[in-house]
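Q: Chains as they are written, first to last, in UniProt numbering: chain W, 1 to 331; chain R, 1 to 331.
Treat the hints with caution; some may be incorrect.
A pair counts as met if it fits within one copy or between any two copies, since identical chains are not told apart.
[Stated by the list, open to error] Dumping the calculated DSBU-like pairs for lysine-lysine here, alpha-carbon to alpha-carbon at most 35 Å:
id, residue 1, residue 2
1, 142, 40
2, 58, 266
3, 71, 40
4, 142, 330
5, 18, 165
6, 18, 266
7, 109, 40
8, 330, 187
Calculated from the structure, these hints are not laboratory results. Since the structure is predicted, the reported quantities are computational estimates derived from the model, not experimental observations.
Number of protein chains: 2
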Amino acid sequence: MLQTNVIILKTRPVGLPKVSDFQLTTEEVPALRAGEVLLKAVYISVDPYLRGKMSGTKVPRFEVGQAIASKVIAEVVDSNNDNFSQGEFVSHYLDWKEYQLSDGMGLVKVDATAAPLTTALGVLGITGLSAYFALLDIGQPKVGETLVVSGAAGAVGSIAGQLGKLMGCRVVGLVGTDEKAALITSKFGFDEAINYRTTPDLPAALAAACPQGVDIYFDNVGGPISDAVLASLNPYGRVAACGAIANYNDTEPALSPSMLPLVVYKFLTIRGFLIADYAARFPEGLAQLALWLKQGKLTYAETIVQGFDRLPEAFIGLFAGQNEGKMIVKI
Amino acid sequence: MLQTNVIILKTRPVGLPKVSDFQLTTEEVPALRAGEVLLKAVYISVDPYLRGKMSGTKVPRFEVGQAIASKVIAEVVDSNNDNFSQGEFVSHYLDWKEYQLSDGMGLVKVDATAAPLTTALGVLGITGLSAYFALLDIGQPKVGETLVVSGAAGAVGSIAGQLGKLMGCRVVGLVGTDEKAALITSKFGFDEAINYRTTPDLPAALAAACPQGVDIYFDNVGGPISDAVLASLNPYGRVAACGAIANYNDTEPALSPSMLPLVVYKFLTIRGFLIADYAARFPEGLAQLALWLKQGKLTYAETIVQGFDRLPEAFIGLFAGQNEGKMIVKI
């Protein structure tokens with residue numbers, strides 16, 4: 001009987017997740033039945049939003065004792081399903097297991113010859129689609145406007161900033177290291193980068209980098225950084241609230257300057273979104289992202305961690321900003 | 001030469017405005033020239049948003065030594081303008097002066113026979129239009145949803161709640177006195193009222209009054225009340241940020257639980273608006289509001305303060321919640 005490694009949620013994390021909140025275990029993979037495929041994980045995506053599912057803030061939540069799940073690229077290693085053949089690659093939300101069965105529902109084939117497999121977890125996956133729809137739909141960028149992106153060297157932020165440039169915006173990125181500052185201006189074409197860890201006065205740095213004020217804030221981080229950007233917004237400013245990684249490990253509600261007076265006085269729009277709600281438009285988004293990628297107008301970065309057992313470590317590393325671009329675990 | 005009383009901004013208020021921040025003075029009204037009308041103020045609107053113009057938070061701001069201005073219903077007492085005749089009533093943003101000249105630009109005629117004159121400052125004016133467009137456009141009410149309105153006995157809130165009922169929502173109002181609680185449930189048809197000053201546990205009271213959670217929050221107040229409502233919002237909740245009277249007198253930024261994580265986790269939309277941006281749709285809004293008023297589906301309350309010299313006192317009274325419905329000064 002085939003055995004597989006599994007990573008389960010051992011305890012709900014309190015504050016910053018610890019490796020000991022997870023447990024590596026093994027289980028038997030049942031025999032393949034009619035209509036099923038046997039999948040072998042190849043690349044597993046680790047993402048900040050998983051934190052909310054671990055504590056139950058985000059639903060559906062993970063259950064203690066059950067496997068974690070996220071977006072996975074898997075290879076079909078055996079098939080009793082006419083729709084899938086051995087050797088094909090698929091992507092879907094799957095358990096953190098090296099091997100698992102699937103009845104094929106929801107599996108999306110990934111063409112390994114069209115683009116690197118990992119792009120299906122990044123620029124050509126939910127990551128790229130989140131940047132695309134949040135920026136275009138919520139941000140409503142117009143030529144000449146100023147876009148600020150937080151977590152600008154991250155998976156979504158690095159795409160959002162490039163899309164902002166393609167839309168004709170001045171784009172300023174907020175990052176936590178000088179290496180990331182160099183990355184976003186050199187590789188991703190941001191006009192300016194601000195290292196929020198070393199800048200003595202973030203509001204002043206924002207004012208200097210955004211002489212026309214801020215029209216759009218693409219936020220991946222929340223916390224005090226976002227408080228400073230919100231205070232810099234122009235009238236009719238838009239905030240695409242894509243993530244709040246600075247708050248995901250809070251054990252009690254963080255405090256910020258009250259936003260509502262700003263919203264009233266400056267006619268702001270602050271909006272979160274569920275990327276699944278854009279599913280009907282995924283083909284449009286993916287076609288556009290793939291075209292820009294092919295034309296060289298869009299690029300991406302990846303941080304690949306090797307080894308199934310390092311999934312918890314890679315996930316925890318997101319909160320220390322250890323990734324440039326998309327954080328992926330290669331199995 | 002005609003003399004007029006004038007109320008000027010003497011000093012920019014710090015914190016809660018004081019009567020001594022204003023000065024009653026007199027000036028001469030120049031002789032009527034070709035094309036001009038002489039206006040005599042009949043009703044003057046006092047509104048929370050004026051506070052921001054006094055401190056300069058809201059632009060265009062009032063200048064020290066200059067007259068305050070707000071929406072006024074005035075009678076044409078002399079006319080050298082073919083478009084306006086003596087005895088007609090007009091409304092416009094005008095100075096806090098008993099008498100003033102106008103070249104006619106922007107004056108809107110008010111038909112004193114169609115509805116009480118004061119409705120042009122309330123339910124059939126910017127007040128009603130703010131409730132109408134903010135609720136319908138930002139709130140996007142759907143039958144069976146739950147709407148919470150803060151400042152529910154106030155000028156805008158009392159209209160917004162009634163519109164919510166007309167849209168088929170469960171409507172819960174937040175007020176600061178038991179008299180107002182009785183008013184909004186009896187006169188305005190709110191399903192429930194919560195007196196936030198006497199409720200020992202506002203989150204619990206909200207949970208009890210909104211068993212299905214809160215889908216729409218029509219906010220006129222900001223501050224801790226709004227923090228509690230925001231925490232009660234359902235996924236995809238909408239916040240129409242119409243006012244933040246609790247914060248208008250803040251001398252330093254108030255703190256609140258950080259909203260961005262909620263926005264991310266619950267896909268919220270929080271939006272402010274400038275009512276002037278809906279100007280093209282004012283005829284639609286006014287026609288609908290007038291129809292409902294005529295049909296008896298909509299009603300309103302007014303708090304009328306008598307005397308030009310009491311304008312500052314009436315304005316300051318807004319911050320103590322001294323008004324039920326629209327606060328208006330009768331000259």
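Q: Determine for every hint whether it applies to the structure shown.
A: Results for each hint:
no.: 1; hint: 142 x 40; in the structure: neither (44 Å within a copy, 46 Å between copies)
no.: 2; hint: 58 x 266; in the structure: both (30 Å within a copy, 8 Å between copies)
no.: 3; hint: 71 x 40; in the structure: within (13 Å within a copy, 70 Å between copies)
no.: 4; hint: 142 x 330; in the structure: neither (39 Å within a copy, 46 Å between copies)
no.: 5; hint: 18 x 165; in the structure: neither (38 Å within a copy, 49 Å between copies)
no.: 6; hint: 18 x 266; in the structure: between (41 Å within a copy, 26 Å between copies)
no.: 7; hint: 109 x 40; in the structure: within (14 Å within a copy, 75 Å between copies)
no.: 8; hint: 330 x 187; in the structure: within (24 Å within a copy, 65 Å between copies)
In summary, the numbered hints that this structure violates are 1, 4, 5.
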